[in-house]
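Q: So you can see what is in the structure, the chains are spelled out below.
There are 2 protein chains.
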Amino acid sequence: MLDKNTKILIVGLGLLGGSYAIKLKREGYYVSAIDTDRDTIGYARKLRLVDYATSEIEEDLIKNADLIIFALYPHIFIDWMKRYGEYINPDAIVTDVTGVKGIITDTVQDILGDGAEFIPAHPMAGKEHLGIENSDPEIFKDANYIVVPTDKNTERGIEICKELGVTLGFARISTLSTAEHDKMIAFVSQLTHCIAVSLMCATDNEHLVDYTGDSFRDLTRIADINDEMWSGLFLDNREELLNEMDKYRDSFDRIYECIKNNDRESLREMMKLSSKRRRRFNIKKG
Amino acid sequence: MLDKNTKILIVGLGLLGGSYAIKLKREGYYVSAIDTDRDTIGYARKLRLVDYATSEIEEDLIKNADLIIFALYPHIFIDWMKRYGEYINPDAIVTDVTGVKGIITDTVQDILGDGAEFIPAHPMAGKEHLGIENSDPEIFKDANYIVVPTDKNTERGIEICKELGVTLGFARISTLSTAEHDKMIAFVSQLTHCIAVSLMCATDNEHLVDYTGDSFRDLTRIADINDEMWSGLFLDNREELLNEMDKYRDSFDRIYECIKNNDRESLREMMKLSSKRRRRFNIKKG
Numbered sequence: 001m002l003d004k005n006t007k008i009l010i011v012g013l014g015l016l017g018g019s020y021a022i023k024l025k026r027e028g029y030y031v032s033a034i035d036t037d038r039d040t041i042g043y044a045r046k047l048r049l050v051d052y053a054t055s056e057i058e059e060d061l062i063k064n065a066d067l068i069i070f071a072l073y074p075h076i077f078i079d080w081m082k083r084y085g086e087y088i089n090p091d092a093i094v095t096d097v098t099g100v101k102g103i104i105t106d107t108v109q110d111i112l113g114d115g116a117e118f119i120p121a122h123p124m125a126g127k128e129h130l131g132i133e134n135s136d137p138e139i140f141k142d143a144n145y146i147v148v149p150t151d152k153n154t155e156r157g158i159e160i161c162k163e164l165g166v167t168l169g170f171a172r173i174s175t176l177s178t179a180e181h182d183k184m185i186a187f188v189s190q191l192t193h194c195i196a197v198s199l200m201c202a203t204d205n206e207h208l209v210d211y212t213g214d215s216f217r218d219l220t221r222i223a224d225i226n227d228e229m230w231s232g233l234f235l236d237n238r239e240e241l242l243n244e245m246d247k248y249r250d251s252f253d254r255i256y257e258c259i260k261n262n263d264r265e266s267l268r269e270m271m272k273l274s275s276k277r278r279r280r281f282n283i284k285k286g
Numbered sequence: 001m002l003d004k005n006t007k008i009l010i011v012g013l014g015l016l017g018g019s020y021a022i023k024l025k026r027e028g029y030y031v032s033a034i035d036t037d038r039d040t041i042g043y044a045r046k047l048r049l050v051d052y053a054t055s056e057i058e059e060d061l062i063k064n065a066d067l068i069i070f071a072l073y074p075h076i077f078i079d080w081m082k083r084y085g086e087y088i089n090p091d092a093i094v095t096d097v098t099g100v101k102g103i104i105t106d107t108v109q110d111i112l113g114d115g116a117e118f119i120p121a122h123p124m125a126g127k128e129h130l131g132i133e134n135s136d137p138e139i140f141k142d143a144n145y146i147v148v149p150t151d152k153n154t155e156r157g158i159e160i161c162k163e164l165g166v167t168l169g170f171a172r173i174s175t176l177s178t179a180e181h182d183k184m185i186a187f188v189s190q191l192t193h194c195i196a197v198s199l200m201c202a203t204d205n206e207h208l209v210d211y212t213g214d215s216f217r218d219l220t221r222i223a224d225i226n227d228e229m230w231s232g233l234f235l236d237n238r239e240e241l242l243n244e245m246d247k248y249r250d251s252f253d254r255i256y257e258c259i260k261n262n263d264r265e266s267l268r269e270m271m272k273l274s275s276k277r278r279r280r281f282n283i284k285k286g
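Residue numbers (this note's numbering), protein chains in the order written: chain A, 1 to 286; chain B, 1 to 286.
Pulled out of the complex, with its shape left as it was, chain A reads as follows (with noise of 0.2 Å):
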């Protein structure tokens, strides 16, 4: 599968992007890198991330690419797609990094048609702060590496991209259909980022702060938010995510009822629930 005769691209040089070249590079293997912001390249050049680095549409460069990792924006990355994608070395593998499936797959896997097999995963890493500056592939260390493959995806591209994942020293390693993981992730991250920003808007908080505990900390750390990715992460995942908030407001609401009703009773029942199903989670961290 991968050796180190695998020559890797990298197309899109950002937090992710970065922090897959320095940690592929640190195994071994040749990695080259596109991306259009030149102060990105010389950075990049200047630390010696990649062997290879431009900010030009090198037509050779991609076509002798064995592996084609994409770290972009996902609109971005389809344009790329239509614009390049013909440059593609029809035996290569295709992945990406993007956090929405369901917008991505079919399309891409279109433009490729019987060329390159474009095999989609996501990551479950990040930091606060973007860009190469930021890259560090310790994020991977204790993350999440999901392989999301279609009825069109062989054996054997799944199998790189799950041996991608393990080279890049993910925690867990899991495979979900598309499906599944825009529901998935419509919940345990989108949902939770949106809660997060509510919970900031909701009242001006200048004095509030000197008040605050841990645990409105803990709730609103991710309301600190890039608000380019995001809002284009919640519109591609739209259906999945509005399923998703409407299920959490009924359960908010129920908590309200409660509470305005002094159903004492109701309230120990939900909060039992819910501390049963937490526990779950000590359980598998542990």
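Check before you lean on any hint, since a few could be wrong.
The list cannot tell twin chains apart, which means a pair is met if one copy fits it or any two copies do.
[Said to hold, decoys possible] For lysine-lysine, the following DSS-like pairs were computed, each having C-alpha atoms within a straight-line distance of at most 25 Å:
no.: 1; residue 1: K276; residue 2: K127
no.: 2; residue 1: K162; residue 2: K260
no.: 3; residue 1: K260; residue 2: K46
no.: 4; residue 1: K25; residue 2: K4
no.: 5; residue 1: K272; residue 2: K127
no.: 6; residue 1: K247; residue 2: K25
no.: 7; residue 1: K260; residue 2: K247
no.: 8; residue 1: K63; residue 2: K25
no.: 9; residue 1: K152; residue 2: K63
What the hints contain is simulated information worked out from the structure, not anything from laboratory work.
Assemble chain B onto chain A, guided by the hints.
A: Leaving out everything else, chain B in the frame of chain A:
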């Protein structure tokens, strides 16, 4: 004010009472304790956490105390005061640890009348696991200690209460009115617990656990919740909590509408406001 001759009595040796006891004894005070649970008293004696411990109501012990700290659930605290409040020395200072003040303060001050001075305090510290065996004054180190006086309190009483917070090792000591306190606590503490419980009750997470990133873990850390204590706190601060829940839900509904209407610009505006407000926390912490 407080000096090494001050005889301190702690009523209720749970997580907080126990942590107070350990720290105050370590600081050289004579500390005695009452708890109705014999195992708790046995534990406190065996580990010599206090100088004197009893599961009985000993009139002389109460009479001789200069500073009495009540570390009981709100309603148990009020019941105790109604039954045994008359034993308290009129020169004593009385304080507490309860997380809601509106339902406590007037009642207790009325019971004491012209006798001992009750100066309410809220140590914003805790742990997921309660009980004396989890006691540890380290929980005060980064925490807020809030003194919540009324016009019945004296300068001397307020100063002693603040000094107690300093002696216990709290990071920040501040003062709020009863109304300010209960509004603040509804927002930063109770609402966040409502959200965490709602999130866990929204859907059965058995399989999702494998895919949770840090954000979901952070938001639900407090979802493993002591239902006896928290259902009481919620209902004891019902009006303020419902009010904060309303404001939060309005904010959540605004995000929902943005997503539903594909209104990316308004979504980004909310995210920008959220980020701006959340960044204040970093400054405050740093």
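Q: Next step is simple, just say for each hint if it's right about the structure.
A: Here is how each hint holds up against the structure:
Taking the closest pair of Cα atoms, K276 and K127 come within 25 Å of each other only across two copies (17 Å); inside a single copy the shortest separation is 30 Å, beyond that limit. Within a single copy, K162 and K260 get their C-alpha atoms no closer than 50 Å, and across copies no closer than 35 Å, so neither meets the 25 Å cut-off. Taking the shortest Cα distances, K260 and K46 never come within 25 Å of each other, neither inside one copy (61 Å) nor across copies (45 Å). Proximity of K25 and K4 under a CA criterion of 25 Å is satisfied intra-copy only: 10 Å inside one chain copy versus 64 Å between copies.
Taking identical chains as interchangeable, the C-alpha atoms of K272 and K127 lie at most 25 Å apart only when they sit on different chains, with a minimum of 17 Å there against 33 Å within one chain. Within a single copy, K247 and K25 get their C-alpha atoms no closer than 44 Å, and across copies no closer than 50 Å, so neither meets the 25 Å cut-off. In this assembly of identical chains, the alpha carbons of K260 and K247 lie at most 25 Å apart whether taken from the same copy (20 Å) or from different copies (15 Å). Taking the shortest alpha-carbon separations for K63 and K25, only the intra-copy value of 20 Å comes in at or below 25 Å, while the best inter-copy value is 74 Å.
Proximity of K152 to K63 under the C-alpha cut-off of 25 Å is restricted to the intra-copy arrangement: shortest distance 22 Å within a copy versus 82 Å between copies.
Hints 2, 3 and 6, counting from the list given before, are not met by this structure.
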